[in-house]
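Asker: Sequence:
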Amino acid sequence: MNILAIETSCEIGSIALLSGEDLLECELDGVAAHSEGVLPGIDWLLAEAGLTVSRLDAIAFGSGPGAFTGLRLACGVAQGLALGGGLGVIPVCSLEALASLCPEQRILAATDARLGELYFCFYERDGNGTLVARGEPACARPEALAVREGKWFGVGSGFAVHGEALRSRLGEALAGFDEDVIARAAQVARLAAARLRRGEVVAPQHAAPLYVRDKVALTTAERLASGGRA
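So the sequence shown is numbered by numbering that gives the first Met the number 0: it starts at 0 and just counts up by one.
Quick caveat, the hints were computed from the structure, so don't treat them as lab data.
Just so we're clear, the structure is a prediction, and the values are computed from it rather than from any experiment.
Hints may be right or wrong, so weigh each one.
Distance ranges between label pairs, derived from CB positions [unchecked claim]: (1) R140 / G85: 43 to 53 Å; (2) G175 / A145: 16 to 26 Å; (3) E163 / G49: 47 to 57 Å; (4) L114 / A46: 32 to 42 Å; (5) E20 / N127: 18 to 28 Å; (6) R71 / E199: 34 to 44 Å; (7) G128 / V201: 23 to 33 Å.
Where a beta carbon is used, it is the ideal one built from N, C-alpha and C, also for glycine.
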């Protein structure tokens, strides 16, 4: 199974190639590096693995929520490569990729959405260790976050920016957090592999970023102020 994955929902992006049991990953540090480095990075990964696009089984991308420009870039590149290679596309929620890096049983994945808000989703591992979303990915101010029963371990930049507000809101429900964890293309590839085995693939023209903010169409000034978050 050969899967190429792109994850550019946050400032530090990455691309990865999963080929059988082998995994190669290339980091894209900084928003400017996303658009400038993604295609050369893909070429490098394919060359290292001795593969071409035509030998891939699918293209995966972190669908968000996250930086508006980064989501469009990942989706657009995935669509273009898939169309050219006659492949399917596998969108993977970036919050799920983030949560998958945490070994805890109950996980709150939260990333900074700017404008005083965060993107979040609660996940719980089933008997097989597979992540199951408890609700849909959403966008809210930290003080308005719904508090779920049980204890949850937090991961993501949302805790770096809104840590105090989240601690106040969640109280004893927050078992701890790691603010330095970010979504990685390697995790997108691994999650996509499971989806591919289940046949959860979409045609390139139907692939789309995951937007959860009510107001997607922002003014230029608002987009600049928010850092281009979707």
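Asker: Determine for every hint whether it applies to the structure shown.
Answerer: Going through the hints against the structure:
1. R140 / G85: 43 to 53 Å: holds (44 Å)
2. G175 / A145: 16 to 26 Å: Check passed, 19 Å falls within 16 to 26 Å.
3. E163 / G49: 47 to 57 Å: Because 50 Å falls inside the window, the suggested range holds.
4. L114 / A46: 32 to 42 Å: Since the Cβ atoms of L114 and A46 sit about 41 Å apart, the hinted range of 32 to 42 Å holds.
5. E20 / N127: 18 to 28 Å: holds (20 Å)
6. R71 / E199: 34 to 44 Å: Cβ of R71 to Cβ of E199: about 22 Å, so the range 34 to 44 Å is violated.
7. G128 / V201: 23 to 33 Å: holds (26 Å)
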